[in-house]
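Dock chain to chain to rebuild the complex, using the hints, since each chain is given by itself in its own frame.
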Amino acid sequence: DTEVTQTPKHLVMGMTNKKSLKCEQHMGHRAMYWYKQKAKKPPELMFVYSYEKLSINESVPSRFSPECPNSSLLNLHLHALQPEDSALYLCASSQEQRRAYNEQFFGPGTRLTVL
Amino acid sequence: RKEVEQDPGPFNVPEGATVAFNCTYSNSASQSFFWYRQDCRKEPKLLMSVYSSGNEDGRFTAQLNRASQYISLLIRDSKLSDSATYLCVVTLNTGGFKTIFGAGTRLFVKA
Chain A
181 DTEVTQTPKH
191 LVMGMTNKKS
201 LKCEQHMGHR
211 AMYWYKQKAK
221 KPPELMFVYS
231 YEKLSINESV
241 PSRFSPECPN
251 SSLLNLHLHA
261 LQPEDSALYL
271 CASSQEQRRA
281 YNEQFFGPGT
291 RLTVL
Chain B
11 RKEVEQDPGP
21 FNVPEGATVA
31 FNCTYSNSAS
41 QSFFWYRQDC
51 RKEPKLLMSV
61 YSSGNEDGRF
71 TAQLNRASQY
81 ISLLIRDSKL
91 SDSATYLCVV
101 TLNTGGFKTI
111 FGAGTRLFVK
121 A
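Line by line, the protein sequences are chains A and B. Numbering (our numbering) for the first sequence: 181 to 295. Numbering (our numbering) for the second sequence: 11 to 121.
Hints may be right or wrong, so weigh each one.
Unchecked claim - If you want a taste of the chain B side facing chain A, the calculated C-beta under 7 Å gives, among others:
#: 1; residue: GLN41
#: 2; residue: SER42
#: 3; residue: GLU53
#: 4; residue: PRO54
#: 5; residue: LEU56
#: 6; residue: SER59
#: 7; residue: PHE107
#: 8; residue: PHE111
#: 9; residue: ALA113
#: 10; residue: GLY114
To be verified - Listed below are the simulated DSSO-like cross-link pairs for lysine-lysine, each with C-alpha atoms no more than 30 Å apart in a straight line:
#: 11; chain 1: A; residue 1: LYS199; chain 2: A; residue 2: LYS216
#: 12; chain 1: A; residue 1: LYS233; chain 2: B; residue 2: LYS108
#: 13; chain 1: A; residue 1: LYS189; chain 2: B; residue 2: LYS52
#: 14; chain 1: B; residue 1: LYS12; chain 2: A; residue 2: LYS216
#: 15; chain 1: B; residue 1: LYS108; chain 2: A; residue 2: LYS199
#: 16; chain 1: A; residue 1: LYS218; chain 2: B; residue 2: LYS12
#: 17; chain 1: B; residue 1: LYS120; chain 2: A; residue 2: LYS218
#: 18; chain 1: A; residue 1: LYS233; chain 2: B; residue 2: LYS52
Simulated from the structure, these hints should not be mistaken for lab results. Just so it is clear, the structure is predicted and the values come from calculations on it, not from any experiment. Think of the CB as a built atom: it goes at the ideal place given N, C-alpha and C, for glycine as much as any other residue.
Chain B extracted, bound-state conformation (with noise of 0.2 Å):
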């Protein structure tokens, strides 16, 4: 089983919708969550920090729950410019902080 685990999508979305992506993580070591997005051959950037009370950020709110080892990411009123891979990122605490990815999530926003 993968540390961390996303539907690779594709999700197609038209504009203005809202749409939700999860991710699974495996290792009950898991210290700290992130979502990150990537555009097509540039480096990932960081979208926000997940948190134990969730958090919002605009369009984009993201949830943790630590009972079921996952996390959430919603986007409401989609844009254009959401296409991205949207990454789960996870820290492990095994003695040192490990990063570890998941495969992403393609998000194509049409209008």
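So that you can see chain A by itself, here it is in the shape it has in the complex (with noise of 0.2 Å):
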């Protein structure tokens, strides 16, 4: 199975929901990625989880909250978006992060709209 899932597909929220992105892996990954995409960009690296503890930060404003309850699972939970937030997230998982190839395996993605 070299299969990275993600929920839901879509997700329309308002600016003062909480809602959840899921991500889930059943490769034995032990290193866990959330970016966010927008269109007509690369994808930008927000978090990295490496033996379900956040290894790398890059800087995300605190509306954005990630967790990792066990090692197939990543959560990036969401409060007080704005719209700019609106974008593609993707979730990505590798064998390991402290490698020098380490091969990233990405989900569909969740697309976000914040109205």
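Structure representation (structure tokens):
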């Protein structure tokens, strides 16, 4: 099984809502990533978890809160978002973070619209 | 200067053509290199890792030049299905391994 799954596929939320994005992988990978991608731009790294611990936080605003409940699951909790946060949110996983060739496998993404 | 730079294109080529993309990186702490492809409104998918010795996978050949700090991707005998955005990806070893994507090069292959 070489698949990363993400739910929901689409999400529309108001600026006062609280929602969560979910990501799951069953490849035994120990590194998981959240990226944000705006239209016609490359993915931008937000967070990295390595062995279920937060390893990298790319100065992401606190309205985005990641969580890694176990080695297979990664959540992104959203609260008080702004319209400019509308984007495709991609989850990825790799065998490990701290190795040279850490090929990452991406989920299909959640397309988020903030009204 | 961007850490990873690519020509955004678009490259418009006929079927059967050979096309090459280059990507330059600025940080000498760059440890590993990849090409991903991304179709419109889809996730990036790994095309190939790029090793110092160069590597080939069917119609695709990737090269790495550490001295000049660039990587390349050559696509031979282009197919319509090769139309996509090609993303150059670099992993930096700066204490933690951080992944940086280039802005991507758009390729259109036409019949």
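Hints breached by this structure: none
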